[in-house]
Amino acid sequence: MKHTISALVENRPGVLAKISGLFSARGFNISSLTVGETEVPDVSRMTIVVTGDDRTLEQVVKQLNKLPDVLKVIDFKNEEFIERDLLLIKVSATKETRREIFEVANVFRANVVDISLDSCTLELTGKETKIQAFVKILEPYGIKEMVRAGIVALARGKK
Amino acid sequence: MELKGSEIIIKCLEKEGVDVIFGIPGGSVIPLFDKLYSSKVRVILTRHEQGAAHMADGYARASGKVGVCVATSGPGATNLTTGIATAYMDSVPLVAITGQVATHLVGNDAFQEADTTGITRPITKQNYLVTDVRELQDTIAKAFLLARTGRPGPVLIDIPVNIQNETCKFDPHKKNIEIRGYKPTLKGHPKQIRNACDLMLQAKKPILYAGGGIIISDASKELKKLAEKLNVPVTLTLMGIGAFPGDHKLFVGMPGMHGTQTANYAIQNSDLIIAVGVRFDDRVTGRLDKFAPHAKIIHIDIDPTSISKNVSAHIPIVGDCKVVLNQILECLKNKKIEANKTKDWLKKLDEIRKQKPLTYRKDSLLRPQFVVETLYNLTQGKNVIITTEVGQNQMWAEQFFVYREPRTFLTSGGLGTMGYGFPAAIGAKVARPDREVIDIAGDGSFQMNIQELATAKVNGIKVIVLILNNRYLGMVRQWQELFYGKRYSSVFLGDLKAREYWPDFKKVAESYGLIGLRVEKKKDVEPAIKEALKAKETCVIDFRIHEEENVSPMVPGGASLDQILELA
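These protein sequence lines map, in sequence, to chains L and S. Just so you know, we're using my numbering here: the first sequence kicks off at 1 and counts up by one. Just so you know, we're using my numbering here: the second sequence kicks off at 160 and counts up by one.
By construction, these hints were calculated from the structure, which means they are not laboratory data. Heads up, none of these hints are tricks.
Simulated pairs of lysine-lysine, DSBU-like, Cα-Cα distance not exceeding 35 Å:
1) K174(S) with K194(S)
2) K95(L) with K136(L)
3) K363(S) with K494(S)
4) K72(L) with K224(S)
5) K384(S) with K62(L)
6) K62(L) with K333(S)
7) K455(S) with K77(L)
8) K174(S) with K62(L)
9) K541(S) with K682(S)
10) K224(S) with K541(S)
11) K66(L) with K449(S)
Fair warning: this is a prediction, and the values are worked out from it, not measured in the lab.
Looking at chain L on its own, in the form it has when it is part of the complex (with noise of 0.2 Å):
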């Protein structure tokens, strides 16, 4: 099963290491993994989606709490939250088939970001199952590069 946890970090170098590090030697498996600044410069927001059962979770959290560097972890398992990620797509796209692929880039809301005489480029945010649909319907007209950010999320309401 897929967790997703978000852990307030120091914001200094060596604390990503420290944190990988973690996963792959402990043999947890990380699904993605983000890192960004958030409202106290010197903190940064990893969000971690992490793949497994709830014991190894329950490790996962623990271990993550155990270091230093960690100031806070936030296992979104019993919260409502928000998350998004953001999706890159280079598609082909000939002068045939790139009105439809306007158009369903269109029905999900995603923005035409460039464009060449033989592709085009996406940008979609949302959720992880909205970013699958989507590049499960461009499939059939050719994908030649895509990138995925990694999930973000926030927990709704009260800070």
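With chain L held as given, fit chain S onto it using these hints.
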């Protein structure tokens, strides 16, 4: 006050109460050693950095204080790593200071450069690369705080050589430092304490399973109080040996692979395991799904990650062992305790102890157990600290000697580092010069840090090394005998053609200006040990023991604790 980085390091060490460090200089720590030259901190120059790390570890385990080791960048730092990993696995408070190439060269594959913080990341509680001299004072304070508190462990500080030479303000009156992401839980949750006490009062077949956490938190008295109050048998892990008197009537020995029949029976048939300061290591539990099938488990530990990692706890209690045991004793104060409840259980365990004691064949051969037993008879375990190497020697040292006090049995339990015992003995002797420190060694292990004989000689540190010399990597040979059809692959350390002993340990000791003795017959064991005890210098005794002696009993790897082989 404006000071150089190297001076700040010394000031900080003094402030932390460090009176001795173990290490070797090199290009990247020359400024630091220059200041050590004129400081009050005693420097013990070792012959290999691994020796320095183990000495600092032995010093820490014997005294309870933080051990400090120093090495240069690159190879100096990589040589420390085995010692750091050893300390990490056994939760030993250690601060390792390493030199690093100058900050402008970091990352350039400079001479003697290694990514020390990268290499030591998974084997330290925390590590730091200091890139600004203004951070040095706080970083050292944080390192000591982390090393000694919570679940202790090694912390490494990597200090580039130019930082040691730069100057900045030093504040001698700086208050205690805090680390915002670090707040170990010391007190157990009151509700969990109450629940635990309820279980304890109901149990008919309880057992206290205690380990290194008792020694670290200085909770031996509390452990004994609880055991006696509830009339509960006690088993100690290898790391816990000494935390409860080995000759107490409630003591059933060590559990696990080479544990006693009694301890393993007790665990497998218990209805309540009270686990304190332990981590359910695989060498203790054997096959997990068959471990303690009838027992409820109360697990007390300061490290939440140890709880329910291998074995799920019914009542997890995060906290310091001493604090939590006191909470439990307080909670039991007003409760009615039926001391008779465990009577049948204790009687049953007594029967097993009598029927299946730890034993060995008492014939004319020189057997290792006899050597350890003789050492015990001569010292009565009083005023001694025993260190061990790893393998058969380690198990015999645990089985045939009685330990009554904490910090008297120092062994590499988690990492299982051969070559630990001798340098650890030197470190322990530096911490406790009033004690006789004895390394119970194997011939394989001793050769892994044999160079430290020079350190013992030059610094006038007297320890005793008892080599149980079977010319084999004995524990591997035992596994090959039992599970690989006696195919003794790469375990014989002698000369296969001439059947000679290499080296001659007596001569090795003598060449270092120390005392070397050789014993081949049973009757010579006692006089040799007596001579070593009397000696003023380090003494190495080469006991040429029966070569194919096995450690018994044994639960084969991956088997359940009910499947015990008697090999004696």
